[in-house]
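Peer 1: Order-wise, the sequence lines are chains A and B. So the first sequence is numbered by our numbering: it starts at 1 and just counts up by one. So the second sequence is numbered by our numbering: it starts at 1 and just counts up by one.
These are calculated hints, taken from the structure and not from any lab test. Check each hint, because a few of them may be wrong.
[Stated by the list, open to error] Pairs of lysine-lysine residues, derived as BS3-like cross-links and limited to a Cα-Cα distance of at most 30 Å, are as follows:
hint, chain 1, residue 1, chain 2, residue 2
1, B, LYS237, A, LYS264
2, B, LYS261, A, LYS305
3, B, LYS201, B, LYS171
4, A, LYS264, B, LYS201
5, B, LYS201, A, LYS269
6, A, LYS140, B, LYS128
7, A, LYS269, B, LYS289
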Amino acid sequence: MIEIKNLSKTFEQGGNFFTNSKKIYAVSNVSLNIEPGNAVGLVGESGCGKSTFARCVLQLIKPTGGSVFFNGVDLTKINGNSLKKLRAKFQMVFQDPGESLNPRMKISEIIGEPLNLHTNFSTLEKRYRMEEIMNEVGLKTHHLERYPHQFSGGQQQRIGIGRAIATKPDFIVLDEPTSALDVSIRGQILKLLQDLKYRFNLSYLLITHDLNVVLNVCDYVAVMYLGKIVEFGTTESIFSSPLHPYTQALLSSIPIPDPMSKNKRIKLKGEIPSPTKIHKICALHGRCPVKNSNCDSEYPLILEKKPGHFAACWNTNRIITN
Amino acid sequence: MLNINNLHTHIRTNYGNVKAVNGATFNLEQGEILGLVGESGCGKSLTALSILRLIQKPINIVEGDIFFNGKNLLNKSINEMRKLRGKEISMIFQNPRESLNPVFTVLDQLINIYQTHLGGSKKEAYSKSLEMLNAVNIPDASERILSYPHELSGGMCQRVMIAMALICEPKLLIADEPTTALDVTVQAEVLDLILSIVKSKTMSCLFITHDLGVIAQICDRVAVMYAGQVVELGRVKDIFSNPSHPYTVGLLNSALRADQKSPINVIPGEVADPTNIPQGCSFNPRCNKVHDTCYKKIPKNVNLNNNHIVKCHLFNNN
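Could you put together the complete structure from these sequences and hints?
Peer 2: In structure tokens, the structure reads:
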């Protein structure tokens, strides 16, 4: 349904009459398919280009290269008005629920806004639909008359989700939907997202750095490192047998809430390299614990190493032990 | 070495008295790491700030005692407290970039702390600062020492914060969510660092977090906080294998595990409103084992075994 082909985004920074501007390669040549009813998790460290990628997919920022097909229509090619009409079908839920709701608007205005823009509902129909949405996200209908500050963080995120599902979209991008919430509330929101997905056959692109969330909500996982996807596969195969050394390091770093489990941690040395260079060789080169002479030659292509499991690494068969 | 006894820290507001810390009681032994865990708004951070008395007017310590090495911190004068902070007790704050001064270099900030508490020449302070930065694994420490905070990454800033907290070799380190703002890979490194420093110098550490995974990895004991009270306290092993308070059970069930897929469990309801704490046990609106007594009486602490203490009516009868 969503087909992303070689999507790239380069930002330009600084530069004036005397000096050239610096280029930042935030996302480079990323391809990804999302089928109806599937949730794809996009994970990676902060600054790796996850959010930029998501915004490019929804055309909230114009990508510098590549194309995004939504039900066969290339979103990067169509004009503003047709894009606006299509937006009813793909929506976004933002990271900080408190900051993404307008403090001067009542909940009925916040949820009513997409309905005003995308439907021709009468006042009564609109009211009916809004009450329906409130029920779907687990809030009461009298909450429609309140303002965002009268709600707790978890409830605010429910409103954010309500606004996203108002126009009955097919595809929702969730940008760190639970990172601002507490453990106990996080569970409630994840449950709600799972419910909505099954009920309305929604597709999700879920961006997070919390791998626990991915395991519990997503069908597929894409691991991003420095603007490129380095591994892609079903959630089970990525969590049970990660192939890329970066994924292995990432998974081994998650603290497990069990004092008895003492799994070995794989350490990556150093910091994420600067995104201002084009990396001709593997971007993990300087930090990788299993690099060999192959890694000095050129950038590894993302290849199918096992059925349905892709990785971009020269020596994916070597398992790290330390 | 640290004994907190029935601490009440309240905030006076136009809407009424917010009982943010409402009778917290726990102790910290020499050389151990105690995890303080709970949802946001349960009073974890305010407990930490009360220990250092870093609180100001509408916030007041209304009742209780804080004994540090046998002396009550609440009886000390402002000057005595100032000498204590950074030297005997120091703190690592949640957001490293906001807690460093943006207009001074790392070196200036480290030297300032060292000379304030221990005096000595600038040369001595410089070599000690460099030693600390090396100890917290900052690469190219001699160059980095001259950078400003904005030139460093988040993980690097947090390491500078740790170096600042440890330069005077305090006896107690309070870490308030030191890794929440960091990525998992960086978090793992910072945790390793805190663990190795605390264990090698036999410092004590009060580690505040809401991440049960972090608690399981580095803490010796854990105190679970709810609505300003410690509702369960014990060794990490005991609490994770045998959680007794219904809140602890709910918290452990709602933690997601990366090593196995489990159904998502939640604690129903919302965190107790500190302006309006329910009568009796403060957890009663969300508890799945609630009975009549819970609405009437406040539960007392019960020692199950091995100093595994729980504050719940389910255990009061035995």
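Peer 1: Would the pair LYS140 (chain A) and LYS128 (chain B) pass a check requiring their Cα atoms to be no farther apart than 30 Å?
Peer 2: violated (60 Å)
Peer 1: Quickly compare the C-alpha distance for LYS237 (chain B) and LYS264 (chain A) to 30 Å and report which way the hint goes.
Peer 2: It holds: about 19 Å lies between the C-alpha atoms, which stays within 30 Å.
Peer 1: Is LYS201 (chain B) within 30 Å of LYS269 (chain A), Cα to Cα?
Peer 2: The given pair, whose Cα atoms are some 25 Å apart, holds under the 30 Å limit.
Peer 1: Has the given pair, LYS269 (chain A) with LYS289 (chain B), been kept, meaning a C-alpha gap of at most 30 Å?
Peer 2: violated (48 Å)
Peer 1: What's the verdict on LYS264 (chain A) and LYS201 (chain B), does the C-alpha distance respect the 30 Å limit or exceed it?
Peer 2: holds (25 Å)
Peer 1: Sort out whether LYS171 (chain B) lies within 30 Å of LYS201 (chain B), counting only the CA atoms.
Peer 2: Holds, at roughly 9 Å.
Peer 1: For the pair supplied as a hint, LYS261 (chain B) and LYS305 (chain A), is the alpha-carbon distance within the 30 Å limit?
Peer 2: Between LYS261 (chain B) and LYS305 (chain A) the Cα gap is close to 24 Å, so the pair holds against 30 Å.
In summary, the structure is inconsistent with hints 6 and 7 from the numbered list given earlier, while agreeing with the others.
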